[in-house]
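Enquirer: Sequence:
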Amino acid sequence: MNNVEELLKTGNATVVDVRSAAEFMGGHVVGSVNIPLQEIPQRINEFKKMKNIVLCCASGNRSGQAERFLQQNGIACYNGGSWMSVNYYC
Numbered sequence: 001m002n003n004v005e006e007l008l009k010t011g012n013a014t015v016v017d018v019r020s021a022a023e024f025m026g027g028h029v030v031g032s033v034n035i036p037l038q039e040i041p042q043r044i045n046e047f048k049k050m051k052n053i054v055l056c057c058a059s060g061n062r063s064g065q066a067e068r069f070l071q072q073n074g075i076a077c078y079n080g081g082s083w084m085s086v087n088y089y090c
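Taken in order, the sequence shown gives residues 1 to 90; the numbers are from the numbering used here.
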């Protein structure tokens with residue numbers, strides 16, 4: 001089991017969905033937070049308060065971009081891929 005699966009299965013993850021608000025409203029992981037990719041730079045202080053961040057989106061592409069940006073800014077996080085994959089483990 002990898003770190004992401006373990007965090008999700010134990011309920012210790014903060015799931016952040018980086019899709020648009022409209023996409024999020026169409027379905028998301030229960031308990032996840034919606035912070036669209038383009039808003040991340042302005043909302044970086046919110047991420048600094050989170051623990052065990054697992055990012056997700058539709059396919060893993062936007063969450064991968066978010067992961068790189070956050071890690072470059074000293075924030076530990078994981079790309080969980082698509083929200084449906086993340087949802088499978090929750």
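None of these hints come from the bench; they were simulated from the model. All C-beta atoms in this analysis are idealised placements derived from N, C-alpha and C, irrespective of residue type, glycine included. One thing to keep in mind: the hints can contain errors.
No more than 25 Å apart at the CA atoms, straight line, and that leaves these computed lysine to any residue pairs for SDA-like [what the hints assert, rightly or not]: (1) 9 x 89; (2) 9 x 90; (3) 51 x 87; (4) 51 x 2; (5) 9 x 84; (6) 9 x 38; (7) 49 x 65; (8) 9 x 42.
Using C-beta positions, here's what the derived DEER-type ranges look like [what the hints assert, rightly or not]: (9) 30 x 51: 24 to 34 Å; (10) 9 x 42: 14 to 24 Å; (11) 64 x 43: 11 to 21 Å; (12) 27 x 74: 30 to 40 Å; (13) 74 x 26: 26 to 36 Å; (14) 11 x 49: 15 to 25 Å.
Enquirer: If a hint holds in the structure, say so; if it doesn't, say that too.
Expert: Each hint, compared with the structure:
no., hint, in the structure
1, 9 x 89, "holds, 6 Å"
2, 9 x 90, "holds, 6 Å"
3, 51 x 87, "holds, 18 Å"
4, 51 x 2, "holds, 17 Å"
5, 9 x 84, "holds, 14 Å"
6, 9 x 38, "violated, 29 Å"
7, 49 x 65, "holds, 20 Å"
8, 9 x 42, "violated, 30 Å"
9, 30 x 51: 24 to 34 Å, "violated, 18 Å"
10, 9 x 42: 14 to 24 Å, "violated, 32 Å"
11, 64 x 43: 11 to 21 Å, "holds, 18 Å"
12, 27 x 74: 30 to 40 Å, "holds, 32 Å"
13, 74 x 26: 26 to 36 Å, "holds, 32 Å"
14, 11 x 49: 15 to 25 Å, "holds, 18 Å"
Checked against the numbered hints above, the structure violates hints 6, 8, 9, 10; every other hint is satisfied.
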